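Single-letter residue listing:
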Amino acid sequence: MYQSISTSMNRRKIFFQGIKDVLPLNIPVVLFGIFYAVLCIELGFSSYFAIGTSLIIFAGGSQLIFVTLLTAGAIPWVIFGSVIMNNTRHILYGAVFSKYIEKKNGLWKLILSFFLTDQCFAVSNQYLKKNYKNKFSHYHMLGSGVTVWLIWQLSNLVGIWLGNIVSDQLSLNYFVAITFLALIAKDLGKLDHFLVILISAVCSLIFYNLPLKAYVIVSATAGIIFAFLINKKFKKLLK
Amino acid sequence: MNIWTYTIIIGILTYLSRYLVTAYANTKTYSETTKKVLSYVPSAVFPSLIFPAVFYKNSSLILYSDEVFAFMAALIISIIFKNILLTVITGISIYLLIIFI
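First to last, the protein sequences are chains G and F. What the first sequence shows, in this note's numbering, is residues 13 to 251, in sequence order. What the second sequence shows, in this note's numbering, is residues -16 to 84, in sequence order.
Hint data in this document are derived by calculation from the structure and do not stem from the laboratory. The structure displayed is predicted, hence computed values, not measured ones. Heads up, a few of these hints could be off.
As the list claims (entries may be wrong) - Below, in silico cross-link-like pairs of lysine-lysine (DSSO-like), each with a Cα-Cα straight-line distance of 27 angstroms or less:
#1 G:Lys115 - F:Lys40
#2 G:Lys111 - G:Lys245
#3 F:Lys19 - G:Lys202
#4 G:Lys145 - F:Lys18
#5 F:Lys11 - G:Lys244
#6 G:Lys116 - F:Lys11
#7 G:Lys147 - F:Lys11
#8 F:Lys19 - G:Lys142
My request is simple: use the sequences and hints to build the entire structure.
Structure representation (structure tokens):
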């Protein structure tokens, strides 16, 4: 009995740790959620559509691409192609996450995959890297994932109820940038990671105007290939 | 095509991009190099979400703007303190100060 109480406390503690860790990253989620709902209404969609897309798709970037391309009259394959390109980074996240949850049952994999957003990956990857031997470590991802999901839905509702409360002067992308900056800061001091960050940053600025938002996966691939090369060729130098 | 049909297809595409590799990748077949290279995923993906958001405005590269100035301040703070909350607060408060004052 004592064991089951301590087990359930352990689970709860890890779940709440996930919530706590992801909260600072939700400032841009709130702003984007409000902005997305307001944009949907301004483009002539119903509030049910704004909420429905957030419940079903749950991916801010893909949702924005969807509504703007649909309004612009794009043909279906352009819309689907753009969404697929925008989602390709999830495959990289999945390749990293799979090793943390490979021993979990199918239901856990179905549930946790749904929450694999940028924010959830960012904080739970850091936690799971250190604690993956703990059999309840995946509760961290559940905590961070549910939090982002809930905040995204609630901020959509705020956007629908209160209208445009986010000033047009503000650059919403900037808020996203700042939260992700904090996550790579600790790696900036390591030469190998610094070089990978630099390669990806330069590529993203060079290839930003590629169609279908391909710059994200192009820059990430360049960074990964560079990481592979330095680990193959300059292994000794890194040690 | 009905907008709800679009929504469901995009929902499925997005979910599959998250689910397939997460659930079916066989990590036992990962070589040591693959495991090592995967540890660079955040360093390879996040800069592409960060830098264009700061240095691009209306599809043009801009090297000086309110965003760039506030970003540089947050960058310095993040390198010194390596603290997520402090970086977010610095980056956002300096940006809002520049915009609204």
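Original post:
Checked against the structure, which of the hints given earlier come out wrong?
Top reply: The structure breaks only hint 1.
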